[in-house]
Amino acid sequence: MNRRTLLGLLALTPLLPTRADEVQVVRMWTLLSGGDGARMRALVDEFNASQQAVRVESTTLKWGEPFYTKLITASVVGAGPDLATIHLSRLPNLAGGGVLRPIAPAELAAVGLAGADFLPRQWTKSQYAGRTYAVPLDQHPLVLYYNKNLAGRAGLLDERGQLAPIEGMAALTEALRRVKAATGKPGLTMESAQSTYAIWRLWLSLLAQQGLPVVANGRFAYGAAGEATLARIAGWFQAGYATPGMDYPASTSQFMGGNAGFMLNGVWEVPELVRGSKAGTLGFEYGIVPLPKLYGNASAWADSHGFALPANGDKPMSAAKARAVLAFVAYVSRHSMGWAEGGHIPAYRPVAESAAALALQPNAQYAAAAHNVVYDPDGWYMGAAGPLEAIASKFLPAPLAGQLTPADALGRFETEAARLLKKRAPQY
Amino acid sequence: MRTLHRRRETLPAMLLLAPFLAAFLLFFLVPALQTFWLSLTDSSLTRTSAFVGLANYVTLVQDPSFWAALGNTFYFSLLTVLPLTVLGLVMALLVDRFTRAGPWLQGAFFLPFVLPISVMTLIADWMLQPSSGVVNYLLGMQRAWFADVHWAMPMVAIGTIWWTVGFNMLMFLAGLRNIPRELYEAAALDGARGWALFRHITWPQLRPVAWTALVLQLIASLKIFGQTYIMTTGGPYNTTRVTLHYMYETAFTQSDAGYAAAIATAFVIVVVLLSLLQGAIARRLGGAK
Chain A
1 MNRRTLLGLL ALTPLLPTRA DEVQVVRMWT LLSGGDGARM RALVDEFNAS QQAVRVESTT
61 LKWGEPFYTK LITASVVGAG PDLATIHLSR LPNLAGGGVL RPIAPAELAA VGLAGADFLP
121 RQWTKSQYAG RTYAVPLDQH PLVLYYNKNL AGRAGLLDER GQLAPIEGMA ALTEALRRVK
181 AATGKPGLTM ESAQSTYAIW RLWLSLLAQQ GLPVVANGRF AYGAAGEATL ARIAGWFQAG
241 YATPGMDYPA STSQFMGGNA GFMLNGVWEV PELVRGSKAG TLGFEYGIVP LPKLYGNASA
301 WADSHGFALP ANGDKPMSAA KARAVLAFVA YVSRHSMGWA EGGHIPAYRP VAESAAALAL
361 QPNAQYAAAA HNVVYDPDGW YMGAAGPLEA IASKFLPAPL AGQLTPADAL GRFETEAARL
421 LKKRAPQY
Chain B
429 MRTLHRRRET LPAMLLLAPF LAAFLLFFLV PALQTFWLSL TDSSLTRTSA FVGLANYVTL
489 VQDPSFWAAL GNTFYFSLLT VLPLTVLGLV MALLVDRFTR AGPWLQGAFF LPFVLPISVM
549 TLIADWMLQP SSGVVNYLLG MQRAWFADVH WAMPMVAIGT IWWTVGFNML MFLAGLRNIP
609 RELYEAAALD GARGWALFRH ITWPQLRPVA WTALVLQLIA SLKIFGQTYI MTTGGPYNTT
669 RVTLHYMYET AFTQSDAGYA AAIATAFVIV VVLLSLLQGA IARRLGGAK
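Residue numbers (our numbering), protein chains in the order written: chain A, 1 to 428; chain B, 429 to 717.
Heads up, a few of these hints could be off.
[As the list claims (entries may be wrong)] BS3-like cross-link-like pairs, simulated, lysine-lysine; straight-line CA separation at most 30 Å:
{"hint": "1", "chain 1": "A", "residue 1": "Lys62", "chain 2": "B", "residue 2": "Lys651"}
{"hint": "2", "chain 1": "A", "residue 1": "Lys315", "chain 2": "A", "residue 2": "Lys70"}
{"hint": "3", "chain 1": "A", "residue 1": "Lys70", "chain 2": "B", "residue 2": "Lys651"}
{"hint": "4", "chain 1": "A", "residue 1": "Lys293", "chain 2": "A", "residue 2": "Lys148"}
{"hint": "5", "chain 1": "A", "residue 1": "Lys293", "chain 2": "A", "residue 2": "Lys62"}
{"hint": "6", "chain 1": "A", "residue 1": "Lys185", "chain 2": "A", "residue 2": "Lys70"}
{"hint": "7", "chain 1": "A", "residue 1": "Lys70", "chain 2": "A", "residue 2": "Lys278"}
{"hint": "8", "chain 1": "B", "residue 1": "Lys651", "chain 2": "A", "residue 2": "Lys293"}
{"hint": "9", "chain 1": "A", "residue 1": "Lys423", "chain 2": "A", "residue 2": "Lys70"}
Quick caveat, the hints were computed from the structure, so don't treat them as lab data.
Take these sequences, add in the hints, and give me the full structure.
Take a look at the structure:
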């Protein structure tokens, strides 16, 4: 073999991976655990079995701040995965910080997707600075679960056995009081221990119900109403209608064990109730309603999962790889009925608006929640497990346990967060 | 002749020192200087950017969160440094005294020290659970110790003492075994016993060891991070968040590496100053040799 032939052969090697029969391996990082994780694994397996050209290898990582730190650092140095599941509330942080790579409309079209295929709210949340940075998968709002047996004994059900509508803070407080009085069990359960998020989500929902932003023009803008709202919530705990100091597993098992009238939580607990109900281990009948209108409107906090492509520094992915990645994303979108069974509201309209999805129980009971959702406000420090939420989770639970007054808790929250609001968005 | 001899010794000495020097330069001095440089910039977690001079330090001195974290670190040190040293001494005396049970005691006292931090914190967490923990069972309480403002830090301190006291015991034991037996025999002939032996022989001989233990313990306690990070996550509402935890949050949750580097640099200065201060006190009291 002479030198020229050798060089010629070497020049051909970059072409080899693009041969038609070569399998494209897509490495995905997901933050989905529990029931969500199992469902995503099933979708990955079905996709891998459905064709030969692309193989998705999924790695599940612990969700929260470590997941995002890992994604950010890995992507910046070019060692990130080809695909990641993220929360759309983190988009201003991740897309704005240069962690994600935009997805061109032509790339989406090549796998048969378009913006119009997705529910407008989720699609808008997938955009940053006029470009698409994620393909939305779902929406998961805060909802109100109730135990029909306990609520029935407290006289809170209508003649059809459903929860009689609750409107206004006083009405909900009264409902909690009646459960406690009639059954001796707490009216409400929600996670309330230090470093838990439920209180932040509820507080954010109730501020939105009063038309108040948390942050406006780089300042905290909730004012006295923020304190009053936190005080109303803390009041439930002080009056004994709810147990303070509960971490997430303790709070859900209190409800699943039939020991609380209501539970405030995201829709991701739906599969566990469906499963317990089917297996006959639940021991009570349950219902789910959107977060009631407690102030001026029925806003409820929500977040969405979405698929995003890490920018991977100076190692951007090939066009063939991008096509393989998006082929998987399109497959999951079209098969998101299985995802809906996880309690989530799918983002892909042909599935979300199908007769099957609209009839799905118990999802249909709270489907109206989708019309009133509020996401974390935009800001680089906002979003799931983001810097501001991390700070809020330290201070907002304290008044529930009576450790701090609402005013003191919010004062400390603002002091600690002051630096974040002043700082400009980091470029990663 | 003499210089030749010296040169002959220099080369092996350099060769023997080289690995340590290389490691020291590569893994300590260079990163330390880089950290200081980083503290003068407005850098994010992964990208170094704009030189801002001492701006981060100006922010630092006005940052209530930093001072609170530093206060928590001192509080933890206050709760641990002296008890760990004294307890280590008492344990070493017990091991040394009981010739038969000594090795068993030594093993029992030292055992917790071999546990990884994750195991130690898990055990402490189980024991202190509000409804199922053995501590509450024995006390007939339902207290959530790690969520209690007044008890969280003392509980972390107790867990740390149980975990690390074995090392101090070993140090004191080594010191004790170095005291010539003849001193005791001579004193015994003069009729000294018990407390007098300890006061006039054991303690003067052990004093340098005690000061060393105190200095090492002070540095170790100031560097606390893992225990509070796992057991209390710095809560309730940051009352157990220590300096290194604040630095970690600043760097990783808030992606503010420049400011985190300033916290780190300031903290190193505090640790060095306190160690020097302790050394000065030791010299004045005639403890250190």
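Each hint tested on the structure:
1. A:Lys62 x B:Lys651: 27 Å, holds
2. A:Lys315 x A:Lys70: 17 Å, holds
3. A:Lys70 x B:Lys651: Holds - the C-alpha atoms of B:Lys651 and A:Lys70 are around 25 Å apart, at most 30 Å.
4. A:Lys293 x A:Lys148: Within the cut-off at roughly 20 Å; holds.
5. A:Lys293 x A:Lys62: 34 Å, violated
6. A:Lys185 x A:Lys70: 42 Å, violated
7. A:Lys70 x A:Lys278: Not satisfied, since the Cα-Cα distance of roughly 38 Å exceeds 30 Å.
8. B:Lys651 x A:Lys293: 49 Å, violated
9. A:Lys423 x A:Lys70: This hinted pair holds, its Cα atoms lying about 22 Å apart.
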